[in-house]
Amino acid sequence: MRPDLQHLFRMEKLPHIWCPGCGHGIITRAIAEAINESGIDLDKTVIVSGIGCSSRAPGYMNFDTLHTLHGRALAFATGVKLANPELNVFVITGDGDATAIGGNHFIHAARRNIDLTVILFNNNIYGMTGGQYSPLTPTGKMAATSPYGNPENNFDVAALAIAAGASFVARGTAFHDKLLVNSIKEGIKNKGFSLIEALSMCPTSYGRRNKMGSAADMIKHLKDNAVNVVTAQKLPPEKLEGKFLIGTLHYKPYREFTEEYDKLIARVQKEGK
Amino acid sequence: MRPDLQHLFRMEKLPHIWCPGCGHGIITRAIAEAINESGIDLDKTVIVSGIGCSSRAPGYMNFDTLHTLHGRALAFATGVKLANPELNVFVITGDGDATAIGGNHFIHAARRNIDLTVILFNNNIYGMTGGQYSPLTPTGKMAATSPYGNPENNFDVAALAIAAGASFVARGTAFHDKLLVNSIKEGIKNKGFSLIEALSMCPTSYGRRNKMGSAADMIKHLKDNAVNVVTAQKLPPEKLEGKFLIGTLHYKPYREFTEEYDKLIARVQKEGK
Amino acid sequence: MKRWEFRLSGTGGQGLITAGIILAEAAVIEGKEVVQSQSYGPEARGGASKAEVIIDTKKINYPKVVIPDVLLAMSPEAAQKYGSEIKEGGTIIVDSSFIENFVNEKAKVIKIPITKLAKEEIGKTFVANIIAVSALVGLTKVVSFEALKEAVLNRIPKGTEEINIKALEIGWRWAQEKV
Amino acid sequence: MKRWEFRLSGTGGQGLITAGIILAEAAVIEGKEVVQSQSYGPEARGGASKAEVIIDTKKINYPKVVIPDVLLAMSPEAAQKYGSEIKEGGTIIVDSSFIENFVNEKAKVIKIPITKLAKEEIGKTFVANIIAVSALVGLTKVVSFEALKEAVLNRIPKGTEEINIKALEIGWRWAQEKV
Amino acid sequence: MKKRKARLVQGNRACAEGALAAGVRFFAGYPITPSTEIAEIMSEELPKLGGKFIQMEDEIGGMTCILGAALTGKKVLTASSGPGISLKQEAIGYAALAEIPCVIVNVQRLGPSTGGPTSTAQGDIMQARWGTHGDHPIIALCPSSVYECFTLTVTAVNYAEKYRTPVYVLLDEIIGHMREKVEFPDISELEIIDRKRPDCPPVDYLPYKIDKTLIPAMADFGTGYKWHVTGLMHDETGFPTGKPEIIDAQLKRLMNKIEKYEDEILLWEDIETDDAEILIVAYGSTARSAVEAVENLRTEGIKVGLFRPITIWPFPEKALRSKLENVKHIIVPEMNYGQLSLEVERVCKDKAPVSGLYKVNSLPLSPNEVMAKVREVL
Amino acid sequence: MKKRKARLVQGNRACAEGALAAGVRFFAGYPITPSTEIAEIMSEELPKLGGKFIQMEDEIGGMTCILGAALTGKKVLTASSGPGISLKQEAIGYAALAEIPCVIVNVQRLGPSTGGPTSTAQGDIMQARWGTHGDHPIIALCPSSVYECFTLTVTAVNYAEKYRTPVYVLLDEIIGHMREKVEFPDISELEIIDRKRPDCPPVDYLPYKIDKTLIPAMADFGTGYKWHVTGLMHDETGFPTGKPEIIDAQLKRLMNKIEKYEDEILLWEDIETDDAEILIVAYGSTARSAVEAVENLRTEGIKVGLFRPITIWPFPEKALRSKLENVKHIIVPEMNYGQLSLEVERVCKDKAPVSGLYKVNSLPLSPNEVMAKVREVL
Amino acid sequence: MADKPLDIDQKSCKGCGICYSLCPKKAITGDIRGKVVLSAPDLCSRCGICESHCPDYAIFVRREKK
Amino acid sequence: MADKPLDIDQKSCKGCGICYSLCPKKAITGDIRGKVVLSAPDLCSRCGICESHCPDYAIFVRREKK
Ligand SMILES: Cc1ncc(C[n+]2csc(CCOP(=O)(O)OP(=O)(O)O)c2C)c(N)n1
Ligand SMILES: Cc1ncc(C[n+]2csc(CCOP(=O)(O)OP(=O)(O)O)c2C)c(N)n1
Ligand code: SF4
Ligand code: SF4
Ligand code: SF4
Ligand code: SF4
Ligand code: SF4
Ligand code: SF4
Ligand SMILES: [Mg+2]
Ligand SMILES: [Mg+2]
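Residue numbers (the working numbering), protein chains in the order written: chain A, 502 to 774; chain B, 502 to 774; chain C, 7 to 185; chain D, 7 to 185; chain E, 797 to 1174; chain F, 797 to 1174; chain G, 4 to 69; chain H, 4 to 69.
Hints are computed from structural coordinates only; laboratory data are not their basis. All of these numbers come straight from a predicted model, not from anything done at the bench. Where hints are given, some of them may not hold.
Said to hold, decoys possible - Distance condition first, Cα-Cα at most 25 Å in a straight line; then the derived DSS-like pairs of lysine-lysine:
#	chain 1	residue 1	chain 2	residue 2
1	A	Lys724	H	Lys38
2	E	Lys1005	B	Lys545
3	B	Lys724	G	Lys7
4	A	Lys774	B	Lys642
5	D	Lys172	D	Lys155
6	A	Lys642	A	Lys721
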């Protein structure tokens, strides 16, 4: 590993438990790089996660780290941040963790526009439990609980976050590492709820069932099907068929919850109401 | 009560428990009228609700009725509808029931575009427990748990439903009874997830704390601040300041979950996969 | 002093729970032991309402009224529902603004047009509860008028002192006439 | 017949659980009592892997291996971790493709270059597990070759019969040479 | 009798097959180790039978969804493990009070909290009885073999339908994940029970009627009965009530309907108890070690026996007491820190001292450990 | 001693004031009758003290949010009732295993399910002990008066901080909603305990250290200790482990840390037990009826006494047994169908028969009913 | 009173005041407790506004039968 | 080998093949088990693609120090 990132990791915990070719490791590195470059106080940084392969990431990172319950990372993180708004609070979560069991905390944290930087490792599957479909598994895809193809519609999680109230939403992939690092850095800078959807690969539980080839094939798939939002604006709709957008999808800063609460306290202590 | 609606009610259960001037009674009548006019089979109609003042409505209605747990109406209703797609399934829910504790089931039922007609009684408050703020209580408003004004942002629940996948979304009010009846009828017709947000009044727990006057004043407030979407298109933005839209906000039918599942069964039984 | 059990009944919005609390706080002011409790209908507002107060000089164990010494009934439904449960020789105060033809052989029945008095003499029906609690204290002398007045003044919103004191006086006067 | 306890160990992806199931199903075909179990790492994939099979003619109560009669070790880590737990006079089969210098005084150690054989003689490393289970049966005769073959054919994907039978034969042959 | 083929089957699969054999046609759940295979098998098998599988957004959704489905007349199942079972507690109480038949499989893993997802334990025994708030009836069955995973799931579905109540099947990870040679009975040999449906016209229908059976008939939604279901205290008609005497009567019926049928509901097995001086009480996978221990110790002439509750809740109290005549000491081996042993102590303390043998470290309790404990109290 | 003013205070308010007096500065919850007043009061009072109140999207959010806040060093509280408490179970197990101090007030209402939201009951006693899956330590305190609502909430916060564990305060609706004359102690007279924080440098910090105190120090997030918290089985460093011997050692420490300090934790009261032949065991509001019954019956010369557990979990087993010398019969009145009475039976069955006096119909158990029961067993 | 324009169910009326505040013709008013009374039946146009806005279903407007 | 363009941590490498499939210069390849080997160091442009895409942090590209 690059020596300038090693202090951000618990080096003694590596190698991690992820499978060969799992995209989660790449995204985790990008988070570390973004934190490194953003220059925030490492002692005042907390990383919170739920349960899932992705949610194991904080265990490898050298901060105060909180591996919580499946789906509950954002509710724990809300407690951490509100109780001590000085802390930089990151949330690492999976597509299942954030949008299935954790869907309610997700929309409510976005609604409050609470200052959290959320990195959603989207591998389109429940990796850890062996490949059941998630709310982000595309319709028709094979999974352990959709042996005849997924009969459900999938969320557009970025659109959902925006409708719920997130002030910053971006999408990146395990392939587009520089863009991902930048998106996370922008998320850190945004005082409010920031979602970075990071497309990952799960060769073990998703790729294999859906005949997507090796991990290398899967990362190339990410490369080939991503279109930068800026580029996309210049493209005719046909060219975007079957593609997905990457880059900053939404940025509209507005009142942040913990700041508002601190103002409320100041007012009550001064004016009594 | 109009004799032609009486068979839709459990007349012996009236008068209902709602407070004088509570908007819920008006909306409940509108639902009955919409059912009556839509001509669906009353024996094959199920009304499901959660917990709250609004969720008491099914108890007064003459159908198979299911008063469930706080926030869980949509998950119960998903079971009812998927198990027997022949049934017409309605869900009556409150702003707290649907968007606070029930928020996750709400976005997932919308995502599946499952054929449910959901009437959300929005009185901007937890009425039943005495007036705590809900995710639909506007920022700054007074409530039993926001004695200094609500510090949180509120959802736009229609926008949220659309982003989550609802195929029909409309808004009505306790004042605009005809429009509300029509919206519900359109929701019934739509084969998919239909949300009708019905703005209600809670003089007891919301109006009083926010100095909104009597129930009569509150219903006039609904009258004066609503703008029909059709009209709104012709109005300059300044004219819409502080107003809200009523009418059909979104209508885009697409693959419905229980139909898709039935197709899947047919295919598996025929082709084995 | 003996153990006094009061039951204040009527419909939601008549301020009976406040009345119960005021009575209880008057007892606290006098250094007595006191427990106040209330019963609710379904979670929603607007239904029947009942407040209970027990006052004693000894420690109070069981916090609920077993059989009331004094019953206040402010609505026909309340009179109907609770009217028969009363201690032999107890007192029942009914608001004769709404309740007609109430009889109970066991108890002394005192009829006072409480809400009418509030409306006619003060112009605000919301002080009916203060008239009622004052009448109730006036009849039983369970606490002093001064303690009651202090308790009322502690509870009510600023700016309403005058009408509340007036309500207290009306209730007290009616009680003195009835004793 | 005595109670036979088998432990098949290696890393995820080597097909050891399938091998265990095949061995167990062969025992079922022969009408024997059998229990198969496995152990998992953390919920995620890719870690260490262990399958256990117990075969007996009597009812099997305790379903876990107490001390194996036969150990198969397909990776250095597995050999390291489980290599010392073996019945006195038991058999340890190690995949000598990866494992060097393995010794155990208590047991008979049989070295077979399982994965190399799969690669070199069949061209597919994924049949290494079949070679292994065949060698293991060949050494112990816990079930017949026919039963094993039937079990293998029941489990494998269509179209792979040939290479699997070949793998069976390789394993069997190596075993016969080692006995 | 039909000829059946012996097969090697996993415990979780046996549960799923048992449910299907008993007529379950609706499954809703959320994946969790070590129960996930049950959902996976149901997702594959149900559509073949015209049944429905849905993966819900969480365990609460899974539990409440099956209750909705059950009201349309379907037999329903969900499966989960520790964390998911904890989340389901509110809805399990609803099922108990609203009397909606359903079966919940809990494949127990090491707890508390996320604990050890792939490790075995028996830590949810008391939770099955007391997890939800308020007094409520519950039935819980506890298989010790793959065969019983099948048969007891059939029984669980039958009980749920017959008694209108939620029924747990409590596996532990060992039982859920092990494969065993089994010959399941053919469906034609199984007794399959369907819920009682009303035969009266809708106007006379009382969905919570108090009669001598204590178990009211249940109408399918959509058949014209137009009844009301609520989690509030309700009267015979199903509508909310605040009347103390009605609440009392309905809650008593609810508790008594299980008690009344205990003779049918209580299942247990005993081995070598006639002259036993030391009695082991064990269940689930631990009972297998106990059987082995009893067999071994008996060869040494030690008078030890085993009482295995199969119905864990309600606990077969009378049956156990009837085995205590010569018993001088009771041993309860459990993969927890003492749960059923508390119940055994409550039932037996006046007759014999009770010692627990507890192990909670991800490993199974072995026959040797049980034997050592027996020797210790000898 | 400072002069305090007597006031008329509601039980729920007393809880909130007790929490604030003990230093609670963070509350997250979700409204539910009959606990809502606690949230309402906290929403008003916390900002005045610079503390934070947040109404979460549901009870799971409420519970997990306070755990996040507790890790930053705050003392935290949540309050709920039956349905909400059932929903919190998974997170309560997390708090127990990750050893995060927190206090949960449960104002018990009539259950199961939605039940009777405004009616009283004592139906969640066993749930407090067993509601979450897996073995776990728990402390539960049970006030019988408004005064105790205050003092025991202070105690609960102290216990949570001292023992790094979740602590329940179990009210019943009667206690929560009644108002009583009280004179609370001044804050200066209260013993307030703060959690132990590490005094070692971060490199040496072991957040789950096994030492003779059994209670490891806890670093505030954001102070440079960079530790890891998980609901998986973990070792002394807090990182996940699958090693049986470490799981065993950590789980044993977890259970033993409460047992070790039982002398401090167990609170109870007894009245007229010296020569009692009939012993009533009662708690919460029911104990008030029992006191009245004892006082009345003693005037008739009946030798009856009361044992009132204040710490319900762990149960004061030894203290109770020490009162049994002359006891011929034990009566346990409860507003449930027999919960603590099972524990009493377990503890006492070899000494005296135990009879329950159960009432679950929305009404309180009266002194007369207790007296009648005593006469019945005389 | 066969041509009374509407029927009022006094027992159901909770006196909220919505109907008579919305009545475009001022045909109905409130009594001392706020409960609806048909004070000017002749003014009533049978528009049904009161009926469909009464939360308590206390008003029934008599319409012409076809 | 002071001018070796990159360091490989063979123990960390899980042999997924991402690095050498993405390497624009084909400077690295996989061994029999798929693990990375620096097969043509001279071709390496030190672009860092392999480094930042290795899920297992097994590659470190030596860059010029300023
Ligand atoms: C309450 C609860 N339900 C279910 C589980 C089982 N579980 C663990 S991780 C997981 C899914 C994880 O999927 P995702 O969040 O997408 O993460 P990934 O493993 O794909 O990175 C599930 C269902 C659990 N641990 N807790
Ligand atoms: C699990 C659970 N949590 C909390 C409650 C308490 N509760 C009952 S209704 C309600 C709010 C209802 O608000 P809303 O859905 O807006 O309905 P309204 O009463 O305003 O019509 C709450 C918090 C409950 N019954 N169950
Ligand atoms: S299962 Fe998928 S997500 Fe989990 S570690 Fe393996 S590749 Fe990654
Ligand atoms: S509290 Fe509000 S919502 Fe509930 S019945 Fe009264 S007015 Fe209606
Ligand atoms: S029908 Fe119309 S005009 Fe007549 S009273 Fe009602 S609102 Fe007024
Ligand atoms: S709207 Fe209905 S309830 Fe209100 S005053 Fe009119 S008739 Fe009465
Ligand atoms: S640094 Fe670039 S050129 Fe060199 S090996 Fe890596 S990817 Fe290839
Ligand atoms: S990307 Fe990393 S783990 Fe994969 S082959 Fe290359 S060095 Fe090895
Ligand atoms: Mg995923
Ligand atoms: Mg509301």
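TODO: Taking the numbered hints from earlier one at a time, note which ones the structure violates and give those numbers from smallest to largest.
DONE: 3
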